[in-house]
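Numbered per the numbering used here, the sequence shown spans residues 68 to 309.
Certain hints may be false.
Listed next, the in silico EDC-like pairs over lysine to aspartate or glutamate satisfying Cα-Cα at most 20 Å (straight line) [unchecked claim]: (1) K188 to D217; (2) K114 to E244; (3) K82 to D116; (4) K200 to D165; (5) K242 to D116; (6) K188 to D116; (7) K185 to D78.
Rather than coming from a laboratory, the hints here were simulated on the basis of the structure.
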Amino acid sequence: MTTNTIVTSDDILLKLCHSVAHVLSSTSASNVTHAGMVQSIARTRLKPDLGCFSIFDGGFSGLVVINFSASAAIEIYRRYMLNMGMPESELAFSHTSDEVGNVMGELMNQILGDFINKISKELQTSISQSQPKMLTINKELTISIDANLDDAVARRVSFRTENNHIFYLEFAMDKTEFIRLDEFVYDEEFDPDSLLEQHSSIGGNNDSNSNVSPWVKMADKPAIATRAIDNEADDLLDQLGI
């Protein structure tokens, strides 16, 4: 008899922490890390300077809040925009700018998308999220956020940007466990560009095509196949003496 694997709310929180660190690090071309310790809290709150929250439900319900300091929000925003190719002269300097709020909301959306995709596959359940809401919050204000959760578990984890600016993730969800009854295999993530590059490298390493995009090479394949058929037809006509 095999021992069943049990996935707790803290295991799910760790997956969320990995998604936050992965998405913010990759999109900003920097190193964002989370603490190895988690803090148990009574309830989730939006706090200064920039707070973002989203509610998810389905297989289980929960609430995600990320509270950015002004310095952390500006660092992530500027690194993200520079990584996207935007000139530095066109970037905002204040966390109260609408552009900063929009970018941080989009990053929150990417974080939750990555998290939900992984959780749905690994726990074989389905959850959906609300559109993230971003608020600029005054220093003297905190906003309590409650969701209709069953015996809620609430946690707080601190994160650090590459320039050592701190921000916090607050997470609440139903107190629940997922128990693996049987072994299963879920599909791994793959990058289409990497897959095409792999196949194009197997086909040959022609220097003249070394800088051509894999997508362009794939688009050229019908023309290549047509030329091959034409050549075969010419060879057949030559053999027949026509």
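K200 and D165: Cα distance at most 20 Å?
Within the cut-off at roughly 13 Å; holds.
Within 20 Å, alpha carbon to alpha carbon, are K114 and E244?
violated, 29 Å
Hint consistency between K242 and D116 [alpha-carbon to alpha-carbon, up to 20 Å]:
This hinted pair is violated, its Cα atoms lying about 30 Å apart.
Hinted pair, alpha-carbon criterion (20 Å max): K188, D217. Please report holds or violated.
violated, 23 Å
Would the hint linking K185 and D78 be met if the CA-CA limit is 20 Å?
Answer holds: K185 to D78 is near 12 Å, not above 20 Å.
Next pair to validate is K82 with D116; report whether the Cα-Cα distance is within 20 Å.
Cα-Cα ~25 Å, so violated.
Does D116 lie within 20 Å of K188 when you go C-alpha to C-alpha?
Violated, at roughly 34 Å.
Hint violations for this structure: numbers 1, 2, 3, 5, 6, all remaining hints satisfied.
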